[in-house]
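Visitor: Spelled out from the first residue to the last, the chains are:
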Amino acid sequence: DQQVKQNSPSLSVQEGRISILNCDYTNSMFDYFLWYKKYPAEGPTFLISISSIKDKNEDGRFTVFLNKSAKHLSLHIVPSQPGDSAVYFCAASASNTDKLIFGTGTRLQVFP
Amino acid sequence: NAGVTQTPKFRVLKTGQSMTLLCAQDMNHEYMYWYRQDPGMGLRLIHYSVGEGTTAKGEVPDGYNVSRLKKQNFLLGLESAAPSQTSVYFCASSFTPAGTGGETQYFGPGTRLLVL
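As given, the protein sequences belong to chains A and B, one line each in that order. Throughout, this note's numbering is defined as the position within the first sequence, counted from one, plus 2. Throughout, this note's numbering is defined as the position within the second sequence, counted from one, plus 263.
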């Protein structure tokens, strides 16, 4: 049972426009959410996170929104740049647990 | 600091062969993790360790064993490789547990394994 779902395997966006990546979760115990970015032949790297006590967290061009009632989070990248082309994983964890549960990933391509 | 390193980068095995993947971190992290990444499946946790001498099962532990004899090293073993274990394996480490929200996991570059 996939507890963290990314229903869009891929997304293509023009440079300068907004990229919106979505993630849904089923476990109501999750209270911490992260986004990781992965380039080919490299390990994932942390991008941005949000705690369940917030509904928005912003870091430069990246903003994560959390809708707890809908069990949905999204990552907004604006403006999108060609260097943002990568696979993006969302992940979730519950308090006092040792594990992150990852989604299946969304491949973002930003074209000129 | 090298961060998290993985050895080897790529390996081809025949069905039934055994091998050990090595993960090393120089950040003095307590927590270490082994994941596998497969197309359409995302990253799935195989085993993890909350400190030297400890190990625990993740989501997909069958067919794998692990050891954490030294704090900086986390070994993943395949006793009898199967084609279903063809995957990219990532090691990660963190200073605090995933659920604390304070520290993220740092990943190694991955090991690509092909089992024929």
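Note that these hints are calculated values from the structure, not bench results. These numbers were taken from a predicted model, which means no experiment stands behind them. Don't take each hint at face value.
To be verified - DSBU-like mimics (lysine-lysine), calculated; alpha carbons at most 30 Å apart, straight line: (1) 39(A) with 272(B); (2) 272(B) with 7(A); (3) 101(A) with 320(B).
Visitor: Quickly compare the C-alpha distance for residue 101(A) and residue 320(B) to 30 Å and report which way the hint goes.
Guide: Between residue 101(A) and residue 320(B) the Cα gap is close to 10 Å, so the pair holds against 30 Å.
Visitor: Can the restraint linking residue 272(B) and residue 7(A) be considered satisfied, given a maximum Cα separation of 30 Å?
Guide: Measuring from Cα to Cα gives roughly 29 Å; hence the hint holds.
Visitor: Hinted pair, alpha-carbon criterion (30 Å max): residue 39(A), residue 272(B). Please report holds or violated.
Guide: 20 Å, holds
Violated hints: none; the structure is consistent with every hint.
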